[in-house]
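> Those protein sequences? They're chains A and B, same order as listed.
Just so we're aligned, residue 1 is where the first sequence starts under the working numbering, counting upward by one.
Just so we're aligned, residue 1 is where the second sequence starts under the working numbering, counting upward by one.
These are computed hints drawn from the structure, not numbers from a lab.
Small disclaimer: the values here were computed from a predicted structure and weren't measured.
Mixed in with the good hints, there may be bad ones.
Claimed, not checked - Once the Cα atoms are required to be at most 30 Å apart in a straight line, the calculated DSSO-like pairs of lysine-lysine come out as:
(1) B:K323 x A:K107
(2) B:K248 x A:K124
(3) B:K312 x A:K124
(4) A:K124 x B:K326
(5) B:K306 x A:K124
(6) B:K323 x A:K68
(7) A:K107 x B:K324
(8) A:K124 x B:K323
(9) B:K47 x B:K248
(10) A:K68 x B:K326
(11) B:K467 x A:K124
(12) B:K326 x A:K107
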Amino acid sequence: MMVTRNREETVSHKILVVDDDILVLEALQQLLTSSGYEVRVATRGREALDILDQEHFDLLILDVVMPKMTGYDVCKEVRKRDDAMSKVNIIMLTAKTEPSDVRIEEKYDCNLYLTKPIDPGRLKELVRDTLEDSTQ
Amino acid sequence: MAASGLLNGVVESATRTAIVVTDFNGKIILFNQGAANLFGYTPEEAKGRHLPELTFSKEDQNTPLFEQIVDRVRGEGWAEERLFRRHKSGRLFPAISTITCLKDSTSQFKGILEITQDVPNLFRLEKELKSSKDFLENILASSIDAVVTTDTKGHITYVNRAFKELIGLRDSQIIGKHISIYYKDGIDQAREIMNKLKQFGRIREYEFDMRVGDKIIPIRTSDSLLYDEYGEIVGTMGVFQDITARRKLSEKLSATQAELIQAVKMRALGDLVTGVAHEINNPLMASDTLLHLLEGEAEDDPSSKKRVGLLKECNRRIEKIVKKLKQFSRHAEFEFTAMEVNDAVSSVLAITQQQLLNLGIETELRLPENLPRVLGDKNQIEQVLLNLISNALDAMEGSSQKVLTIQTGLSKKSQQVKIGVSDTGIGMTPEQIEQIFNPFFTTKDSDKSTGLGLSISYRIVESHRGKIEVKSKLDKGTTFILRLPIYLAGAERNDGHQEPGGNSVS
Numbered sequence: 001m002m003v004t005r006n007r008e009e010t011v012s013h014k015i016l017v018v019d020d021d022i023l024v025l026e027a028l029q030q031l032l033t034s035s036g037y038e039v040r041v042a043t044r045g046r047e048a049l050d051i052l053d054q055e056h057f058d059l060l061i062l063d064v065v066m067p068k069m070t071g072y073d074v075c076k077e078v079r080k081r082d083d084a085m086s087k088v089n090i091i092m093l094t095a096k097t098e099p100s101d102v103r104i105e106e107k108y109d110c111n112l113y114l115t116k117p118i119d120p121g122r123l124k125e126l127v128r129d130t131l132e133d134s135t136q
Numbered sequence: 001m002a003a004s005g006l007l008n009g010v011v012e013s014a015t016r017t018a019i020v021v022t023d024f025n026g027k028i029i030l031f032n033q034g035a036a037n038l039f040g041y042t043p044e045e046a047k048g049r050h051l052p053e054l055t056f057s058k059e060d061q062n063t064p065l066f067e068q069i070v071d072r073v074r075g076e077g078w079a080e081e082r083l084f085r086r087h088k089s090g091r092l093f094p095a096i097s098t099i100t101c102l103k104d105s106t107s108q109f110k111g112i113l114e115i116t117q118d119v120p121n122l123f124r125l126e127k128e129l130k131s132s133k134d135f136l137e138n139i140l141a142s143s144i145d146a147v148v149t150t151d152t153k154g155h156i157t158y159v160n161r162a163f164k165e166l167i168g169l170r171d172s173q174i175i176g177k178h179i180s181i182y183y184k185d186g187i188d189q190a191r192e193i194m195n196k197l198k199q200f201g202r203i204r205e206y207e208f209d210m211r212v213g214d215k216i217i218p219i220r221t222s223d224s225l226l227y228d229e230y231g232e233i234v235g236t237m238g239v240f241q242d243i244t245a246r247r248k249l250s251e252k253l254s255a256t257q258a259e260l261i262q263a264v265k266m267r268a269l270g271d272l273v274t275g276v277a278h279e280i281n282n283p284l285m286a287s288d289t290l291l292h293l294l295e296g297e298a299e300d301d302p303s304s305k306k307r308v309g310l311l312k313e314c315n316r317r318i319e320k321i322v323k324k325l326k327q328f329s330r331h332a333e334f335e336f337t338a339m340e341v342n343d344a345v346s347s348v349l350a351i352t353q354q355q356l357l358n359l360g361i362e363t364e365l366r367l368p369e370n371l372p373r374v375l376g377d378k379n380q381i382e383q384v385l386l387n388l389i390s391n392a393l394d395a396m397e398g399s400s401q402k403v404l405t406i407q408t409g410l411s412k413k414s415q416q417v418k419i420g421v422s423d424t425g426i427g428m429t430p431e432q433i434e435q436i437f438n439p440f441f442t443t444k445d446s447d448k449s450t451g452l453g454l455s456i457s458y459r460i461v462e463s464h465r466g467k468i469e470v471k472s473k474l475d476k477g478t479t480f481i482l483r484l485p486i487y488l489a490g491a492e493r494n495d496g497h498q499e500p501g502g503n504s505v506s
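Isolated chain B (complex conformation):
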């Protein structure tokens, strides 16, 4: 028949494709030129031989592989195999085969047809692909940042090692979960992120709180959409960075910055105050001198004499303010020695004892023995304490219960000695607390206070490398806490003579 002849021609001319027909037992019925080229046997040599015996690797021959293929082909109609096949020389080579059933005109199974192609590069390409995939996975796995991908619905499809470490769960427990379970604000946040992604394609450095169990982890994330080869969105990818440490650092930094600003502010004010004090002294002296002359002239005029007296009093007030201002910005030397804070407390109490008694104030002392000494100027520290006590007394003027508590002790890390001065007075508002160390800030009448006491105290404590803190509640009372670094033998301050008052910003 013409058609059959044509078919034979096709089969024979396919020199690069092996076409083999066997019966169900594998006995070769047809073996074309292509098969001869591929396997190394002539059609004559091959015919009648057992196909697996001739072309399968030794390993595959020892398994029922051929029988399994035949079964599959009979059941499903076809099979595809990627196998190492054997050349007559014994050389193995990779090949892809398509195996189908041969039926006769009455649809009776006659045998099987195997069309095989040699694919010399396939396995190499596969190997390359795998190594490149391994490489990428390795990169992702080694990444310090957590990487997660989801499908378009938000179900997690991949997480790297860092993500697993962040979550503390195994792979199998994460894949398939919805990403929103890790967002503190849940599904709403997931939606918000997805909407942004759809709008912009990517999100850079977005910060959110991640929820892992009952722990909240601050995260900085950059997210982008994932596309397939047709440009369709197939999911999202997120890179998560745990910023707990960074956030803590930044908080600490802001606190330090605030302290620094306060210190710089106080110094700038100190400089200003020195200038002002100097400028005031000249006219004050002129005024004093002229008043002195007027006083002599008004000797016989009582009302003029009284007025001159009042003017002199005004000048004394001005002088007092200027003196305090100078003290605030003092360049004077501090004398640092190893000193006992309890001694300073006792000296100050000795001075104020009578006043405390007169005002009906109860004193509670908690002064533990054997506290380490601090490096300080005893006179200056006493001045600070005196100022704090004097403020406490004023604050308790109208209180029904008047208790002054002075407590000393060691700081938590034992690097500082603390002195607490508490009263049961009127307390302060947060706004007042904020301004309390500013020069001229006062809650008292101006004939009672220059508003410089606490700013001077602040400067003194600062030059001791200590700290002064305040806690206060309206109508409950106020507590000031001084913290002074403890004295370490051999660590005397040698800069004590330079400028402990610290008027220059160096």
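Excised from the complex, chain A in its bound form:
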């Protein structure tokens, strides 16, 4: 468990990153931590839901394709909650190309649906925008 606090920001946002690929997880954690966010990670959907029971987060980054519980499943479970966490920001990340007949964001009730690989600079911007929008 790694929790890092960016000293430059007075209020640090907390992000939970969920991906079954350790390399992706490690890289994203480093990227977001370097931007001053407090980051926690999980490799399974069930594990992520357990963490959500304990802690408050400002953003979830969910990988779509994971064993047993997919990112979609996690997203649905989160939205079903009756506490404040049900409204948490969610960014979905997928390595799979989906037919774009419906806007996935609407279908799964998430803020963004992004396709891997995404430019890290761009990802940082999108994370920042998502968090700023929700705090306004």
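Let chain A serve as the given structure and place chain B on it in line with the hints.
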């Protein structure tokens, strides 16, 4: 005399055999009990009467038959006759007679002896035999397969109607000819068949080419030896089947099969590629992210910064390949509309015009007007054309004469519109042609090509129910031909939204 008495006894006791002696005019001298039984006259009634008048049918009486028999007997010593004879009651019955000359002790002709036997079943048996023979001949004649028999030397002894039809000759022109004249390989082949027959007794489904005039007919034959009642080989029998139609069908089938295998192969590769693309994207993203962080840290170190830059370039190359792979196995929708192929050609040329000029390539266009429209996705067809043109440009890089020809037209049966893209480039070997539509096959440097362009083109054309063909000659050039089905009003494809990319084999 004792002997003469004995002879009389024999003649008289032969009650089932008619023994009659007449003079040369037919006047009856002797008429035994057997004759009495057979013809219905007593010996007393018959003696002195004229034999033909008494026992011949009315028809035979009106001919010089008896005189002819007598002549033959005098000349040859004997004769055998099968005739309908007449009973006293007028009833006719079949009989066999042996007629010989009677001579006296000085060898003088004295008259003729006729020994006659009633053969009530003979004619019926003959009739049965004939009808059974007719029946068999009928079967042979009606057979669709050609039947031929030869003697042991190979001379044709019988052919049925189907054989005559196959050859196109009349019976009289075939019988007696040597079978080898119909074999493409002549006498050697006839010998080979005969040897096999002698070894195995029969040959099953042997295929050979038959020669009829200057025509070659593929034949499947089953042959066997013919034996007589003593088990001696008397000849051969062959059943010939014209397999021209079957062979054509089988050739067509193999071609279809090859196409099917190619299509299935491409689909399997498509599935594989989707999986690979997905697997690569994860580590690629991790790598991109870490490089992004390293780049920030190396801000003040130019050589590290350069290395990070190169690594990022590597990642972009990987990303490009994965993107192409995805395109190859795309599930994305195609938008089929009635479109003009000449429009697609023009749009693509507009994009490539400057490049063609820069490379000094002459463009020859043959785009006839009023071509029927095709049902297609214009963007996709343009992508295919762009790919073909780009390949053509690369192929002509070192050529002294650089001509790009684009030609459109109707197929022979007017069911497809063809688009030909030809170059005067380096061309390809047959081995290269065989692999050209396989993903990752390329003749170019890897920084120039992913080797996916043509496999993607293949998939696009396939999902249009079209075809893409290639003809090429080393150092002469290459021609790609696209064939797209023409648009028929009211026949819009309604499966266009399902999976025109066709990733599933259904």
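> Hint by hint, say whether it matches the structure.
Going down the list of hints, with the structure as the test:
1. Note on B:K323 and A:K107: the hinted pairing holds, with a Cα-Cα distance of about 25 Å set against a maximum of 30 Å.
2. For a cut-off of 30 Å, the pair hint linking B:K248 to A:K124 is broken: about 66 Å separates their Cα positions.
3. Annotation: proposed proximity of B:K312 to A:K124 holds, straight-line Cα distance about 18 Å (limit 30 Å).
4. Between A:K124 and B:K326 the CA atoms are separated by roughly 26 Å; this keeps the pair inside 30 Å, and the hint holds.
5. Of the supplied pair hints, the one linking B:K306 and A:K124 holds, its CA atoms being roughly 23 Å apart against a limit of 30 Å.
6. Of the pairs offered as hints, the one joining B:K323 and A:K68 holds, with about 28 Å between alpha carbons and a cut-off of 30 Å not exceeded.
7. Note on A:K107 and B:K324: the hinted pairing holds, with a Cα-Cα distance of about 28 Å set against a maximum of 30 Å.
8. The straight-line distance between the Cα atoms of A:K124 and B:K323 is roughly 23 Å, inside the 30 Å bound, and the hint therefore holds.
9. For a cut-off of 30 Å, the pair hint linking B:K47 to B:K248 is broken: about 81 Å separates their Cα positions.
10. A hinted pair counts as satisfied when its Cα atoms are at most 30 Å apart, and A:K68 with B:K326 qualifies at roughly 25 Å.
11. A C-alpha spacing of about 46 Å is found between B:K467 and A:K124, which places the hinted pair above 30 Å, so the restraint is violated.
12. Among the hinted pairs, B:K326 with A:K107 is consistent with the structure: their alpha-carbon atoms are about 23 Å apart, no more than 30 Å.
Of the numbered hints given earlier, the model fails hints 2, 9 and 11; all others are met.
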